[in-house]
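Here is how the chains run, residue by residue.
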Amino acid sequence: MTTTTASAQPGERTAGTSSPGAARERRRPPGRIRRIGLPYLLLLPALLLELLVHLVPMVIGIVMSFKELTQFYVRDWTLAPWNGLDNYSMSVDFDAPVGAALLHSFLVTCAFTVLSVGLCWLIGTAAAVCMQDAFRGRGLLRALFLVPYALPVYAAVITWAFMFQHDNGLVNHVLHDQLGLTDKPSFWLIGDNSFVALLVVSVWKGWPFAFLIVMAGLQNIPKELYEAAALDGAGVWQQIRRITLPSLRPVNQVLVLVLFLWTFNDFNTPFVLFGKAAPEAADLISIHIYQSSFVTWNFGAGSAMSVLLLLFLLVVTGAYLFLSSRSRPAAGSAEASRSVKASRTSEEGETADV
Amino acid sequence: MSRSPMAAPRSFLWTRRVFLTLLTGFVLLPVYVMVSSSLKPLEDVSSRFHWLPSNLTVRPYIDIWSTVPLAKYFLNSLIVAGAATVCSVVIAVFAAYAVSRYEFRGKRVFSVTVLSTQMFPGILFLLPLFLIYVNIGNTTGIALFGSRGGLILTYLTFSLPFSIWMLIGYFDSVPRDLDEAALVDGCGPLRALFRVVVPAAIPGIVAVAVYAFMTAWGEVLFASVMTNDATRTLAVGLQGYSTQNDVYWNQIMAASLVVSVPVVAGFLLLQRYLVAGLTAGAVK
Chain R
305 MTTTTASAQP GERTAGTSSP GAARERRRPP GRIRRIGLPY LLLLPALLLE LLVHLVPMVI
365 GIVMSFKELT QFYVRDWTLA PWNGLDNYSM SVDFDAPVGA ALLHSFLVTC AFTVLSVGLC
425 WLIGTAAAVC MQDAFRGRGL LRALFLVPYA LPVYAAVITW AFMFQHDNGL VNHVLHDQLG
485 LTDKPSFWLI GDNSFVALLV VSVWKGWPFA FLIVMAGLQN IPKELYEAAA LDGAGVWQQI
545 RRITLPSLRP VNQVLVLVLF LWTFNDFNTP FVLFGKAAPE AADLISIHIY QSSFVTWNFG
605 AGSAMSVLLL LFLLVVTGAY LFLSSRSRPA AGSAEASRSV KASRTSEEGE TADV
Chain L
12 MSRSPMAAPR SFLWTRRVFL TLLTGFVLLP VYVMVSSSLK PLEDVSSRFH WLPSNLTVRP
72 YIDIWSTVPL AKYFLNSLIV AGAATVCSVV IAVFAAYAVS RYEFRGKRVF SVTVLSTQMF
132 PGILFLLPLF LIYVNIGNTT GIALFGSRGG LILTYLTFSL PFSIWMLIGY FDSVPRDLDE
192 AALVDGCGPL RALFRVVVPA AIPGIVAVAV YAFMTAWGEV LFASVMTNDA TRTLAVGLQG
252 YSTQNDVYWN QIMAASLVVS VPVVAGFLLL QRYLVAGLTA GAVK
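Line by line, the protein sequences give chains R and L. Sequential numbering of the first sequence, starting at 305, is according to the working numbering. Sequential numbering of the second sequence, starting at 12, is according to the working numbering.
Please note: incorrect hints may appear among the correct ones.
[As the list claims (entries may be wrong)] A short, non-exhaustive set of chain R residues, derived as facing chain L with CB atoms under 8 Å:
id, residue
1, Gly365
2, Tyr458
3, Gly539
4, Val599
Just so you know, these hints were derived from the structure itself, not from any lab. All C-beta atoms in this analysis are idealised placements derived from N, C-alpha and C, irrespective of residue type, glycine included.
So here's chain L without its partners, still in its complex pose (with noise of 0.2 Å):
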């Protein structure tokens, strides 16, 4: 993985310690932004930008919940995003597991078929998904248009192509050997993928899910288009910062703050098993 002991020359060491002390600087730039304003009175984030806030307050964190009912936009993300991460990964494993264990008709018509789908321009099926699910409610009373379950089912179907794609790789990673005692142990082949190739791909599992509950956390152009008040996401709810006359800058910093720390957190947390999946699953 690392390169040789051997001491590296000046050359590099200096355009390392340069490049990557402006890249820092690049990618911090935003986030001491984020962070100063959203400390700042409106006033202050109205007028000139200052870098050190003057006076500081913490007003903006409180009025952020009263501004907007920001408590249920975050609700609804987390019920969107949880059960479209949890969906997503059962399904993937399914699928992975299948392809990667099995031999079968039409295998590579599948593999094929579902990494396409990562190219469809989203604007290509926004309207006609928009019409099915409108008829589906019409016809069959069950209301996907405008509820979380139609967000859930759309998002879950954004994350699987590459869930499925990691897994497989993941899954081929894992020694054949291990199910093949389970089965012969007497395991049936759902037994044997529960109790033998999950738990030896869980870095695997874990870097999928990361990945399908921030897809499904950050989209804007289907949350915008498939949900009314009552279940508006995070991503429409925070354009309510802004007004015809005013745009609450500190808050919408405040609360972009405070919408973005559970993802970060979890990523930061679970980005060693990202690095461990995508280097076992895709990277390969």
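Chain R extracted, bound-state conformation (with noise of 0.2 Å):
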């Protein structure tokens, strides 16, 4: 046991003397002062497009958020006055109407955001790991796992709005004709039922992806993992708590990451289904934003919304990244093998040069 202990520590060795490699990657061949405006001529086209549409107009967005934006100054809003904090102090002014409806969306988005990730995730990765084996069947059922996630937006959720009518519904004839679940049928669009769609309506679009995603970061890990611990006599179900749910943190990591941010700011699910105005029970931030910006006409207002709404993601986005890096020492040792990686395949380029 000793000895592989010490045989492995000069491999490690190496993989900490590799920084020479990285320096000597940056010394390039000829045609160096053609090659030094390249790579930003290369990124010219995509950072305009990004300035264009994302920066500028959430700079403009932030402008507009200490004005007095509303109708009037719809053709020419540079003219709007200019009115502070009020904005603000309104959308968070609890005690308020105005207020209140705002924390109470914001509330909503959080229940559902927290029980929609957690359940993708759940039933993504399930999924992933049932399937990780051959068996027959498996691409048919694949594929057949991505068509929520394939079908777009607007089909996929009027679908779902159909099955949830009250009188001409699939769930109400299932629920309360088939099984008799319910005394009467069950309104499932407005009221508190509401939740309950929009969150199965967007589990359903949403486990694929993590499915997807879980399905990627299963191929890389090691058979050999596998085979050593069969060897060792550990079961299916240990091998999946040893090796492979340990195996996906860092595709977690990212993963949850991800749903988190698109699942908080739904849009398109919640409007497909309910249409311009959710029901309370559902009035998730985006369509709450929408409504007070577009259907009052209140665009100051709005912006101010909006930007609590960003600095709230960046606040929890950041707050995930530094808790989830620090949580994981193998991710040190990770940058390390990637970077190993890279300077060999340059040092291979260059014995190629040679």
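Using the hints, put the two chains back together into the complex; each one sits in its own frame.
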């Protein structure tokens, strides 16, 4: 046992001394002058578009949040008078109707996001792990499972809206007519049930993405780990718990963050399911802000709410990345192995040059 | 990739069987509703739901084209999503190549900025973007608002961050000696990119293209604000089947099916590339 650890050390040392390789990589063959501008030229289109469609509008949005921007100023928004932090103080005054409604919408969105992300992750991971081994029909099943992800949002969600109809929907037919679980047909798209309806649709639509990512992550787990575990007598359940799930941690870290951001910002699903005015129980924040801006024509307040939402997402994402990178000491070694790989390929490149 | 050949215990096999069966049912339920309801006459979809259609008809598939100008919306969606995909992929290839193969000042800032745009709520820049497009139109005469061009521009930036991010990972996995060798042979950097790196990264590029197309084909929010009668896409056009008096559910289902077929078919054909692309690029 001691000999194995000892023999492993030189390998680690080579990993540590790989930095000269990276330095050598910076020394470039001739044609250097032309190359200096090239990366910037290659980035230019992407940069310009990101500026035009994302960054400049975001800055304008922030500016607008300090203005009293109502329908009278839509023609030229720069003419709207400044009103300092009024839009913000109105948005966070939780005793007044506007603030209270925003807080309610925020809490609904939080609950919805936690449940939806959790369920999507759980179902996606379970399905991917179940389909890790080859069995008859696996390819077909995999294709079927990706259908909800592939379907356009509006086509899928409008079908769910039909299924949730009060008089002619499938859900009431099954629950009331066939199973007799409810005394009378329930309303699904208005009232408290709408939260459940939204959650079901969101999970149905979202879990295949988790499935896809976890499935890709599983392919990177070395087969030898399982073989070694099997030799040691570990059963399938133990292999899943001891090898599969821990190996998926880096993948899960990104996956959960992406699912969180997408779900929290989701507009399309509630918009198609409920129309412009979502029921109170399913009043997601995007819809709420849309409502505040475009229906009541108060764009200043809408912008202030959007900025608050962005700040919240920034804080959560930052905290998440900070905590998850700290609680993962393995991250450093993964980085190291990656840089080793990179420097190795560059060295091979140089030998090829010679 | 797959676990050891050791026989799995019955408990695992049964759990798997039950779970996968339930999941298949959940996934296919709306698809079944879509298909079966699209073959029913209006009276049948307006009254109590029935699992099996009693009067089969293909009438809804004929009516969908006249109730709303579906063909026009279809064409608009095809143009918008197609153009957005092509532009997005080309731009992402350039950007990812620069980040993957060159050291330059501001590289980290670029990567972080591009990725962080993923977290912006669309609602935050909807109105400013709308105002920018209107202003550009007023000052330069380039009609972006209400035009397909404006929508293409918007959609291609939606898929750009993820595409760049995934392609960086993918290009990193293409051995450098390949394009270094091409450079030594006298190729310019761009020829090395298109002759060597791009062909080696086809699965990643296909994956990115599929993603970009699906993003543009399914977007609702910007489509509902930024289009007019002439440029309306399917995402908005499908709402035309519900009128004040009647909701033509059978036609909605038929139209949903028709507009889904191109994307779902394309996706299922190319999904193995998507998995391969994700494995090499994003998930590493």
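Those earlier numbered hints the structure runs against, lowest number first | Of the numbered hints, just 4 does not hold.
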